[in-house]
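K.L.:
Starting from the given sequences, assemble the full structure and let the hints guide the process.
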Amino acid sequence: MKQKILLPTLLLLISVSLSAQTEYKIPRLRISTSGGLGYLVAEGSTGDAGSIVNVEKITQFNNDLRWTPSLNADVHYLFKDWGLGVKYIFNTSSATATDLIVDVQDNQHYLVGDALEKMYVNYVGLSVSGQYRFGREERFQFFASSSGGYARLRDESHVLMRNMLITGNAYGVNYEMGIEYFLNSNFSWGLNTAFFWTNFYTVKVTDGISTEVKKLGREDNINVSNVNLTTGLRYYINK
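All the letters of the sequence shown, read from the start, carry residue numbers 38 to 276 under the working numbering.
No wet-lab data here; the hints were simulated from the structure.
Incorrect hints may have been included.
[As the list claims (entries may be wrong)] DSBU-like mimics (lysine-lysine), calculated; alpha carbons at most 35 Å apart, straight line: (1) Lys155 x Lys251; (2) Lys155 x Lys241; (3) Lys252 x Lys241; (4) Lys155 x Lys94; (5) Lys155 x Lys252; (6) Lys94 x Lys251; (7) Lys241 x Lys94; (8) Lys241 x Lys251; (9) Lys252 x Lys117.
Everything numeric in this text was worked out from a predicted model, so none of it was measured.
P.N.:
Structure follows, in structure tokens:
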């Protein structure tokens with residue numbers, strides 16, 4: 038009788054022990070860094086392009102400004118199939134146009150000058166993630182996340198000898214998904230695609246002499262939403 042009672046007890050203890058080991062093998066912390074290139078998807082405007090004679094240079098200027106190198110990092114605390122964390126994104130873009138010819142519309146004079154613009158967007162937000170391991174020896178993992186938080190804009194421009202600084206704050210969101218390949222139990226390499234969205238409706242404009250706060254509408258707000266493709270290293274702790 039004691040042997041019959043002892044056997045189920047041992048099986049129960051072994052089951053609990055294996056369960057605890059399986060639980061321990063689940064990663065508890067995921068640290069990710071990535072870099073890549075994005076493209077601004079908002080409809081652009083050439084502004085007062087009608088007064089510019091060589092309008093093709095402004096068209097190229099706006100096209101160059103759409104390409105945005107992107108760096109991002111995130112930290113997630115993982116549960117079995119999902120996690121909670123913090124996401125950081127840095128996007129930048131720039132463009133240059135030389136020898137712009139501007140018709141001042143007095144039938145006599147033209148202005149010739151250069152244009153330069155550099156735009157920086159910083160974003161930090163709370164993130165929820167989900168992950169699923171698959172493949173031989175579970176070497177691959179599908180990972181997706183959604184985050185919402187604070188975006189900060191800094192836009193520096195120089196047009197025809199006039200400098201201007203535009204800054205603003207707005208709410209932003211980021212959605213991304215990707216595939217990872219595990220190099221070992223702690224490191225994986227991943228490829229992600231993402232959509233980042235934010236619009237700036239209130240900005241501060243400074244020309245070096247005066248500062249003005251402007252309220253922008255639906256047609257003239259600054260939209261830096263973009264789609265991007267990034268790749269990078271992921272580090273898992275407590276595997």
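K.L.:
For each hint, tell me whether it holds in the structure or not.
P.N.:
A quick look at each hint next to the structure:
At roughly 20 Å between alpha-carbon atoms, Lys155 and Lys251 fall within 35 Å of each other, so this suggested pair holds. With a C-alpha separation of about 16 Å, the suggested pairing of Lys155 with Lys241 holds against the 35 Å cut-off. Between Lys252 and Lys241 the alpha-carbon distance is near 9 Å, which keeps this suggested pair within the 35 Å criterion. Distance hint between Lys155 and Lys94 is fulfilled; the C-alpha atoms sit about 17 Å from each other, no more than 35 Å.
At most 35 Å may separate the alpha-carbon atoms for a hinted pair to count; Lys155 and Lys252 meet this at roughly 22 Å. Distance hint between Lys94 and Lys251 is fulfilled; the C-alpha atoms sit about 28 Å from each other, no more than 35 Å. For the suggested pair Lys241 and Lys94, the alpha carbons sit about 27 Å apart, so the restraint of at most 35 Å is met. The suggested pairing of Lys241 with Lys251 holds, with an alpha-carbon distance near 6 Å, which does not exceed 35 Å.
Proposed proximity of Lys252 and Lys117 is contradicted: the alpha carbons are some 45 Å apart, above 35 Å.
The structure fails hint 9 only (numbered hints given earlier).
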